[in-house]
Every structure is written in structure tokens, then in C-alpha cells.
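Q: The chain contents come next:
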Amino acid sequence: MISKIFSDFGKFILWLPKVFSRPENFKMYWKEISRQMNDIGIGSFIIVFLIAIFIGAVTAIQFAYQMGGTLIPRYYIGYIVRDMTIIEMAPTISCLVLSGKVGSNIAAEIGGMRQKEHIDAMEIMGVNTSSYLVMPKIIAALIVIPLLVCVAAIVSIIGAYIASVPTGMFSSAEFVQGLRSWFEGYNVFIMFVKSIVFAFILTSVSCYQGYFVKGGSIELGKASTQAVVSGNILILIADYVIALVLTV
Amino acid sequence: MIRIEQIRKSFGDVEVLKGLDFTFEKGKTNLIIGKSGAGKTVLLKLLVGLLTPTSGKIWYDNVNFTELDHEAVRKIRMDVGMLFQGSALFDSMTVEENIRFPMDMFTKKTEKEKKDRVNYCLEIVNLEGVNDKYPSETSGGMQKRVGIARAIVLEPKYLFCDEPNSGLDPTTSIVIDGLIASITKENNITTVINTHDMNSVMEIGENIVLLNEGKIGWQGSKEEVLKSESDLLHDFIFASPFLQKLKDHVI
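Line by line, the protein sequences are chains A and B.
Take 0 as the starting number for the first sequence in numbering that gives the first Met the number 0 and just add one per residue.
Take 0 as the starting number for the second sequence in numbering that gives the first Met the number 0 and just add one per residue.
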């Protein structure tokens with residue numbers, strides 16, 4: 000188990016230079032990047048939107064519950080929801096969900112191409128398949144996922160507002176006052192760092208799992224699952240490391 | 000011309016190819032035949048560089064293919080076309096997009112030139128008017144023909160075909176064989192076909208190599224098949240009782 004982790008890690012690192020080698024044809028790569036941006040970005044918008052709105056709503060309600068009967072001013076809830084969403088919830092939860100949706104999809108797509116000899120066919124044509132099939136996905140994810148996370152953060156705060164203000168938990172003015180208190184632009188920077196790192200992890204790990212799949216449909220299923228599991232674990236580890244590096 | 004010298008290939012402790020020497024000649028349809036597990040597919044994959052030999056050399060004309068770096072291999076591959084057993088057409092692309100993919104990737108032709116070339120290749124394989132269909136909307140035989148069209152779109156010097164007739168009815172098989180043979184002749188290219196279809200052997204086998212347990216069991220042309228006294232060849236070619244009777248009748 001441990002030796003497999005190290006062997007996979009070594010293989011992954013040695014594979015990256017091939018992935019990021021010079022494209023044969025920039026136009027074709029750009030076309031592929033655009034397609035991937037659409038698949039990853041537009042294709043994941045609804046799920047990210049739904050999750051974000053509920054995360055915001057639940058965060059607001061539960062903090063209101065926990066602070067009930069204390070001397071902490073109620074507008075603090077707006078402040079807590081905002082910072083929690085920006086620093087942690089929007090990037091981490093969104094990317095964990097995207098790892099499940101996008102990651103498994105990428106692993107299955109590339110693994111299917113491997114099994115149907117599409118990758119061999121491209122190699123024989125002279126295409127650097129590591130680059131053509133993987134780099135556009137990674138670049139598309141690096142562009143689109145931070146934008147999705149940004150949307151998730153905004154939607155989450157709106158979700159918190161919708162869940163708490165109309166239900167009378169606190170007033171609109173209190174919520175807005177909280178949102179506007181002690182804003183640190185640095186937290187937005189942390190959000191973007193996290194979303195970029197997570198985007199790289201979830202796409203590259205999934206591509207790796209799909210690209211090197213061997214065997215039949217059972218192995219393809221396993222690779223797809225492995226892509227999600229490994230992606231999620233690595234995202235959580237990276238989350239911890241980034242938190243440590245950027246906030247301590 | 001492609002020449003192999005003392006090619007060996009092992010997977011773990013199992014040696015699949017045991018020192019092969021053979022020349023695949025230019026302008027001819029070169030056939031690799033043999034029973035399942037004889038090493039045909041391994042040899043074809045070695046020839047196109049999808050596998051690397053344990054030892055030995057592969058010469059593409061005067062270039063030692065086995066000693067080239069990744070970049071040089073990719074350049075040689077611009078001159079290579081391959082028809083896969085399952086056609087390996089990209090499902091998400093139309094027939095036209097499949098055929099023009101190598102042109103889009105490697106040439107600076109105009110849209111009109113690409114379109115004309117696609118139509119010309121489709122005409123060669125007798126498939127005009129299917130440009131906008133997806134592979135899933137075409138039959139197995141049509142997919143093979145699209146595969147051939149894609150393989151020849153960049154005017155390759157070397158054409159490889161892995162079991163071109165597998166899964167096809169005899170009539171369609173003859174059409175596919177005829178297409179490959181005529182493309183080989185008209186373009187004077189080196190064609191290597193991996194097959195166990197006996198019709199192909201007798202129809203288009205100009206230079207045949209029979210693999211048996213990783214070694215060359217017999218080599219010759221279709222004309223020499225009936226004259227040969229090799230038991231190995233005869234056991235393979237006339238494997239069924241019907242063909243045995245036919246052979247006795249003909250010979």
C-alpha cells in the first residue's frame with residue numbers, strides 16, 4: 000500500500016513534464032480548453048449553486064442557534080458566515096463536490112479512450128496524448144474552478160441571508176452590518192489560492208488515474224472511484240497545509 | 000521498407016517474441032499471420048512503437064526506429080497510418096471530424112483543402128456522403144472504411160492494419176482487403192497487416208510471415224502457400240475440415 004503510493008507519486012511526477020510539453024498545435028489545444036471550460040464550468044454550475052446556497056443557509060441558522068442566549072452581538076453572524084464561506088466552505092466543499100463530479104467524469108473519459116484504443120490511435124498519429132488529453136483539462140479547471148468558487152461564495156452568503164432574514168432570526172441591517180465588518184481582502188486571496196490548488200489536484204489526479212488504467216470495465220470503475228477518493232484526500236491535506244502556511 | 004533484426008520481447012518471465020528477422024517490403028501487402036497468442040499483435044505494436052522491444056532493431060528504411068528519442072519517433076509517426084481492430088474512431092466526433100483530425104493537428108491546410116482531402120479519402124473507401132454521421136450511426140464495415148480513410152489522410156509511407164477483417168462478413172472483408180491492397184499499390188507504401196483471415200492470405204498476401212510460438216514458422220507469398228510443404232503452414236491455413244477437403248480437391 001505505502002509502496003504503491005510512492006510508486007504512483009513518482010510516476011505522476013515523471014509524467015508531468017510530458018503533460019506540460021509544448022503543444023503541437025495551439026489552435027487545437029485552445030479548442031479543447033474551451034470545450035473543457037464549458038464542460039467543467041457550465042456543466043457544474045447548478046450543483047455548485049445548489050450546494051453553496053444550502054451551505055450558507057445552514058451555516059447561518061446553526062451559528063444563530065449556537066449564539067442564542069449569549070452576549071455576542073447578532074450581526075456577528077453575518078461576519079462569521081462571510082469569512083467561513085470565503086476561507087473554507089466555498090473553496091473546500093465546492094472542490095470536494097467537483098472532485099466527485101468532474102474528477103470521476105475525467106477519469107472515466109480518459110480511461111474509456113485508453114480501453115477503446117483512442118489513445119493508441121492518437122499516439123500513432125504523432126499526438127502527444129499526455130499533453131493533448133490532460134493539459135487542456137488542467138488549464139480549463141484552473142480558469143473555471145476559481146470562478147465557480149467565487150460564485151459559490153457569493154451564493155452562499157445570499158443563501159445565509161435568505162435563510163435567516165425573512166425568517167426573523169435577525170434583521171437585514173444586522174446581517175449586512177456583519178458582512179461589512181472587519182473585511183480582510185487577504186481572505187479572498189486565500190480562497191483563490193485554495194481553489195487553484197484544489198483545481199489542479201482534482202483534475203491532474205483524475206487524468207492520471209484514467210490515463211494509466213489497465214484492464215476492462217471493472218478496472219475503469221475502480222480508477223474512477225480511486226480518482227475521487229485520492230482527489231478528496233489530497234484536497235483535504237492541501238487544505239490543511241494552505242491553512243497552516245497562509246494563516247499561522 | 001521496414002526491417003526487423005533479432006527482435007525479442009518479454010513480459011516478465013514470458014518471452015513472446017524470440018529473435019525475429021524479417022523485411023516488410025515497400026509497395027507490397029505484408030501479412031503477419033499465426034494462431035492466437037503467437038505474438039502477432041505484440042509484433043505490430045513493436046513496429047509502431049506502442050511497445051519497445053527487449054532487444055533487437057527495427058529499421059524504417061535507413062532509420063533505426065528503436066534508437067530514436069520520443070520527439071523523433073513522433074516525427075516518423077507523421078508518416079504512419081494505422082487501422083485498428085475496433086477502428087478506434089473518436090465517438091464524440093463525426094466521420095469528417097475523425098478523418099480531418101490528423102490534418103487539423105499537423106497541417107496548415109485551408110478549410111477547403113481539408114474538406115477536399117476528406118471527401119477524396121471518403122471517395123477512395125467508397126463512403127461518400129457520410130461526413131456528418133457519428134461512428135455510432137455507421138455499420139462495422141463502414142467504421143473500418145472510415146478508419147482506413149483516417150489512416151491515409153496524411154498520405155502515409157507506412158500503413159499498419161490490425162485484424163482489419165475481424166467482425167466483418169466475408170463480402171465486406173473482401174472489399175476491405177481490396178481497398179488496402181489498392182491503396183498500397185497506388186501509393187507505393189509499406190503495408191503491414193496482422194490477420195488470421197485466410198481469404199486475406201490467399202487474396203492479398205504478397206509477403207507473408209507465419210508466427211509460431213514467437214518464432215518465424217514460415218515465410219513466402221500467396222502463390223507459395225499451396226506449393227509449400229510446411230506442415231505448420233498447412234495446419235494453420237487449412238485448419239477446418241472443409242478447407243482440408245478443398246485443399247485436397249484443388250491440389
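Keep in mind that the hints were calculated from the coordinates and are not lab data.
Don't take every hint at face value.
To be verified - Derived DSSO-like pairs (lysine-lysine); straight-line CA-CA distance at most 27 Å:
1) B:132 / A:17
2) A:26 / A:115
3) B:74 / A:115
4) B:44 / A:26
5) A:213 / B:34
6) A:26 / B:56
7) B:74 / A:26
8) B:244 / A:115
Q: All hints are to be evaluated individually against the structure, with a verdict given for each.
A: Consistency of the hints with the structure:
no.: 1; hint: B:132 / A:17; verdict: violated (34 Å)
no.: 2; hint: A:26 / A:115; verdict: holds (26 Å)
no.: 3; hint: B:74 / A:115; verdict: holds (24 Å)
no.: 4; hint: B:44 / A:26; verdict: violated (30 Å)
no.: 5; hint: A:213 / B:34; verdict: holds (24 Å)
no.: 6; hint: A:26 / B:56; verdict: violated (37 Å)
no.: 7; hint: B:74 / A:26; verdict: holds (20 Å)
no.: 8; hint: B:244 / A:115; verdict: violated (39 Å)
The earlier numbered hints that this structure contradicts are 1, 4, 6 and 8.
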